[in-house]
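On the provided structure of chain A, position chain B as indicated by the hints.
Quick mapping for you: the protein sequence lines, in order, are chains A and B. Take the first sequence: its position 80, counted from the start at 1, is 98 in this note's numbering, and no numbers get skipped. Take the second sequence: its position 22, counted from the start at 1, is 147 in this note's numbering, and no numbers get skipped.
It is worth saying that the hints were derived from the structure and are not from the lab. Each hint should be verified, as a subset may be incorrect.
Claimed, not checked - Keeping only pairs whose Cα atoms sit at most 27 Å apart, straight-line, the calculated DSSO-like set for lysine-lysine is: (1) LYS82(A) with LYS32(A); (2) LYS224(B) with LYS161(B); (3) LYS224(B) with LYS84(A); (4) LYS73(A) with LYS59(A); (5) LYS38(A) with LYS73(A); (6) LYS224(B) with LYS38(A); (7) LYS82(A) with LYS224(B); (8) LYS224(B) with LYS59(A); (9) LYS195(B) with LYS59(A); (10) LYS59(A) with LYS161(B).
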Amino acid sequence: GAVVSQHPSWVICKSGTSVKIECRSLDFQATTMFWYRQFPKQSLMLMATSNEGSKATYEQGVEKDKFLINHASLTLSTLTVTSAHPEDSSFYICSAVHPYSNQPQHFGDGTRLSIL
Amino acid sequence: GQQLNQSPQSMFIQEGEDVSMNCTSSSIFNTWLWYKQDPGEGPVLLIALYKAGELTSNGRLTAQFGITRKDSFLNISASIPSDVGIYFCAGHSPGTASKLTFGTGTRLQVTL
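Next up, chain A with everything else stripped away, as it sits in the complex:
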């Protein structure tokens, strides 16, 4: 149980386009999800906390107008990278908080984003 699915797992797109990444909790409801970014050979850096039914909370230095987060249901949060540029190329990982799990967060398998 407590499966978190991300889609797509890999995407390549042209500079200037917008890309949407989905994070779904498949077998539980999650009022809170998190979005992380991981550059090659680096750690996971928290970008924002996604709260169902309310605005996301962004970490310092993360542009909320560039990284749009929508958590419209208890099983889905989306991250949209607007007007993406090559420097936005990274590995994006989401996680979800299961209300009854002894694990603090359950992680998806990540989305590899490459901007040409």
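Only chain B this time, still in chain A's reference frame:
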């Protein structure tokens, strides 16, 4: 923001050897967690520690929550090839709800 420093940054060991890595913080944490990440995948939880001084094992893995609440270590005994990957510590600091801070990572390579 807070940082968790892991050491060593990377390790090259032979199959069968024991491994030890640690994580330190400048401030206290309420929870310490150890994750393993394989290439192109999300992190997978190995061990969770919830109390200062706690020592917990999971198979060949053993981890401890430091008494000062500012450090933790992870030991892997009798390493095998599938132990290859990146190991991250992570923790909850007081007043941050369910947010996690991740360490800098330790890359483990196991040779036959």
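Hints, verified against the model:
no., hint, in the structure
1, LYS82(A) with LYS32(A), "21 Å, holds"
2, LYS224(B) with LYS161(B), "18 Å, holds"
3, LYS224(B) with LYS84(A), "22 Å, holds"
4, LYS73(A) with LYS59(A), "31 Å, violated"
5, LYS38(A) with LYS73(A), "17 Å, holds"
6, LYS224(B) with LYS38(A), "23 Å, holds"
7, LYS82(A) with LYS224(B), "18 Å, holds"
8, LYS224(B) with LYS59(A), "22 Å, holds"
9, LYS195(B) with LYS59(A), "24 Å, holds"
10, LYS59(A) with LYS161(B), "14 Å, holds"
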